[in-house]
Amino acid sequence: MTTTATVRVTRAGRGRSEGRPWEVVLDGTVVDSLGNGEVIDLPVEPGKHALRVRAGKNLASPERPFEAGDGRTVGFSCRSRPQHPFIVQRSVFLLIASLFTHQSWIALTPDEDNVTDPSLTDSSLTDPSAASGGTAGTDTAGVTAPAPGVATAAPGTLGTPASLRSSLPRRPRPPPDPGAEPVLTVNSLTKRFGRRTAFSEVSFEVLRGEVFGFLGPNGAGKTTTVRTLGTLIAPTSGSATVAGIPLTPENGVEIRQRVSIMPEAPGLYLRLTVAENLEYFAGLYGLHHPQTRITDALDAVNLGDRAGDLCGGLSKGLRQRVGLARTLLSDPTIMFLDEPTSGLDPVAAREVHDLVDGLRQRGVTIFLTTHRLDEAEKLCDRVAILNTTLRTIGRPADLRAQLFKSALIVETLKPLVDPDALFASLPVVESWRDVHDGTYEVVVADPRLAAPEVTRGLVGAGADVVSIGEAQHSLEDVYLELVNEDVEAQRP
Amino acid sequence: MKWLDTNRVRAVVRKELRDYRRKRAIVVTMAVLPILFLIEPVVAIFVAPSTLSGGSLGKNLVLPILYLLLIPTVMPSTLAAYTVAGEREQGTLEPLLTTPIRQEEFIVGKAAAVLIPTMVASYVVFGLFLAAVALFAHPVVATAFFHQGPVLLALFLLAPLLSTWAIVVGMAISVRASEVRVAQQLATLASFPPVVVILLLAVGVLHPTFALALEFAAVLLVIDLVALRLISGMFDRERLVTGAKAV
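Protein chains in written order, with the working numbering: chain A, -8 to 483; chain B, 55 to 301.
There could be a bad hint or two in this list.
[As the list claims (entries may be wrong)] Listed next, the stretches of chain B that the computed footprint assigns to chain A, with coverage defined by at least 3 CB atoms under 8 angstroms from CB atoms of chain A:
#1 145 to 159
#2 288 to 297
[Unchecked claim] Non-contacting residues of chain B with respect to chain A, defined by C-beta distances greater than 10 angstroms in every case (computed):
#3 Ala65
#4 Val66
#5 Val86
#6 Tyr177
#7 Gly181
#8 Gly203
#9 Leu206
#10 Val250
#11 Val251
#12 Leu254
#13 Val273
#14 Leu274
[Said to hold, decoys possible] Pairwise CB distance ranges (calculated):
#15 B/Arg293 - A/Arg439: 50 to 60 angstroms
#16 B/Arg293 - A/Gly28: 47 to 57 angstroms
#17 B/Ser232 - A/Asp336: 31 to 41 angstroms
#18 B/Phe210 - A/Pro237: 24 to 34 angstroms
#19 B/Thr60 - A/Gly354: 26 to 36 angstroms
#20 A/Glu467 - B/Lys77: 39 to 49 angstroms
#21 A/Asp23 - B/Arg235: 52 to 62 angstroms
#22 B/Ser232 - A/Glu29: 21 to 31 angstroms
#23 B/Arg293 - A/Asn178: 41 to 51 angstroms
#24 B/Ile170 - A/Arg11: 35 to 45 angstroms
Just so you know, the hints here were simulated from the structure itself, not pulled from any lab data.
In this text the structure is predicted, and so the values were computed from the model without any measurement.
For every residue, glycine included, the Cβ atom is placed at its ideal position computed from N, Cα and C.
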């Protein structure tokens, strides 16, 4: 028994002059019209078909053959090709286009966002190993079908990267194997500019596949550290091994070949298109098959359909995505992302988080500098806090445990009459402090075991207990504790 | 040269040419400037007194011919001054420096990207000028003009060398300049010194001969190559990124 397949055609409009409906021609017959920015679904019988989109008698896309499988949705995206910069008058371009390029006036490309395959089961979507192990395949029609285990976009979720969306909702990933090979080793690295010390005696290791957060206040030396490890700046003293290569001036080219750095501002050539920007960097990295790499990188950040757009016309969030695509081009051993969400609005920042999380799921080693603690907490396996010197390093949970004793937060309806006597009478309580009226932080060895005894003691003393729970310290608490220590230490 | 990866140089050239094409002001300037410089020589040739003897007439034609060398000298200086300072100003320099490109590849690529359109524009204008003289000038003037062998040789030989000089000087200023406007002003001024020799030829202090043209070209070639090496040394990643020299 066969199930009807669907062809989904999306028209990505650009200019106000492109408002005229285009004809959708399926197997040589005009079946529908498509307005600017519209999406249409066409039911088709499973089998081979051919699709073309036509703006007029002479202006059309090339005919795209494709094969529709049972119950599948095959997606195509169409848009007019960008106007050549030499052609000032659109009418002249139209004339030339009609004479010479009538079969390529409209670009009609497979749209991965709108490909579905019913063979994908729920279990395959939640298999973490599948998310990093599969690769997309291409069928005979040139339509990309998802690899087993890789989820595709659900309709209505535009703006979230399709190829990385498998990571959403965010799943905890097992920490990198502690026995994994370090790809970055830093020993007592110091950088001074004259009498000013940017960072001093910094030592740490980053393991393969790890997302390593490098936190610190403004001016702590984060960016200078990244620049030093990326061979843009020479260290004053100390040593490092980056992607297996000793950090020396002679090894600069080789190190830069193996790492990629996204500075705080993506630094795109605004008069060039997205694809041209990436093409330039593919050339600088000497990549073989650059077009394939560019397509893959753009797909990874869900910008496949924006390849022809000028970077000057993109929003800040989209530019950041292009910057990320650029760092992916060379398939680096380590990606350095320097404050990737700086200056972005919450929605754009969330998109970048999703992208980084997607890369994390794929096992890419990422060195992320940020002063956004929520970002580090969400994304990083381990974090280091830098304030010219390295203040601490470890997993966020371990840092919390190191700095803060385990405690219960007790809330009562009214303040206790004699809290000192009450808590002193409970053997599980090590110490306590008054947080504010009726709220107490009670330090205990094991909050889970101590909670019942503390509750009984409170009730026995006639207190009206509103709530009792384990004290939760965020990475922000850890950060503030350490940075405030530095501020205190600097006071005369 | 072993240390040059031609793929990277090509990538820089291709990107630069694309970038120029998208900037209409650059395209228009590149088209208009040579035409402006063509006006004076054309007028000079067409009003040249055909009654003069061959020798005297020839002397009158040296200046208009050599005046055309201002095209390859002046035209590239502003573009060259933009190469590094412009990248820094638009925030594209740091991402570029994080790639495996060597400073020599960057310099050669950027220089070639300025040199190519400059030479195309210059030689097209030279060709048009020669064609105009051959077709429309008074036959006596045209004959005297085409007898200026050393000057015509200098015109074609010195054009790329003067252009390279202007580019190298412009880029050197661009590496050190704090902003694009300053770099462009200084580069335009700094591109002129070689023109002094041409002026000495034009006013008769130096006498144009084939040997002199070749000697001047050889000296300029050496200066250009040395300057290219020097500028590669000036291209210090740390200074470009932080403004401070590596310690």
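Hints, one by one, checked against the model:
Given a C-beta distance limit of less than 8 angstroms, the hint that chain A covers the stretch 145 to 159 of chain B holds, as 12 residues qualify and 3 suffice. With 4 residues having a Cβ less than 8 angstroms from any Cβ of chain A, the stretch 288 to 297 of chain B passes the three-residue criterion, so the hint holds. Residue-level check failed: B/Ala65 sits 3 angstroms from the nearest beta carbon of chain A, not beyond 10 angstroms. Once the 10 angstroms rule is applied to beta carbons, B/Val66 is inconsistent with being away from chain A; the minimum gap is 8 angstroms.
Interface exclusion of B/Val86 from chain A stands, the closest Cβ pair being 16 angstroms apart, more than 10 angstroms. Against the 10 angstroms criterion, B/Tyr177 stays outside the reach of chain A, whose nearest CB is about 21 angstroms from its own CB. Every CB of chain A is more than 10 angstroms from the CB of B/Gly181 (nearest about 22 angstroms), matching its label as outside the interface. Distance to chain A confirms B/Gly203 as a non-interface residue, since its nearest Cβ pair spans about 39 angstroms, more than 10 angstroms.
Its beta-carbon lying about 33 angstroms from the closest one in chain A, B/Leu206 satisfies the requirement of being farther than 10 angstroms from that chain. In this structure B/Val250 is separated from chain A by more than 10 angstroms, as the shortest Cβ-Cβ distance comes to about 37 angstroms. B/Val251, annotated as away from the interface, keeps every beta carbon of chain A farther than 10 angstroms; the closest lies near 38 angstroms. Once the 10 angstroms rule is applied to beta carbons, B/Leu254 is consistent with being away from chain A; the minimum gap is 42 angstroms.
At the 10 angstroms boundary, the C-beta of B/Val273 stays outside the reach of chain A, the nearest C-beta of that chain being 34 angstroms off. Look at B/Leu274: its CB is around 31 angstroms from the nearest CB on chain A, clear of 10 angstroms, so calling it non-interface holds up. Under the hint 50 to 60 angstroms, the C-beta atoms of B/Arg293 and A/Arg439, about 58 angstroms apart, fit the expected range. Between B/Arg293 and A/Gly28 the beta carbons are some 48 angstroms apart, a value that agrees with the proposed interval 47 to 57 angstroms.
Hint check: B/Ser232 to A/Asp336, Cβ distance near 32 angstroms, so the stated range 31 to 41 angstroms holds. At about 51 angstroms, the CB distance of B/Phe210 to A/Pro237 disagrees with the hint of 24 to 34 angstroms. Checking the proposed 26 to 36 angstroms range against B/Thr60 and A/Gly354 shows it holds: the Cβ atoms sit about 35 angstroms from each other. Distance hint check: the CB atoms of A/Glu467 and B/Lys77 are about 46 angstroms apart, consistent with the given range 39 to 49 angstroms.
Remark: the range hint 52 to 62 angstroms for A/Asp23 to B/Arg235 is upheld by a beta-carbon distance near 55 angstroms. Evaluation of the 21 to 31 angstroms hint for B/Ser232 and A/Glu29 yields a failure: the beta carbon distance comes to about 51 angstroms. The given range of 41 to 51 angstroms is broken by B/Arg293 and A/Asn178, whose C-beta atoms sit roughly 26 angstroms from each other. Separation of B/Ile170 from A/Arg11 is about 41 angstroms and conforms to the stated range, judged on CB atoms against 35 to 45 angstroms.
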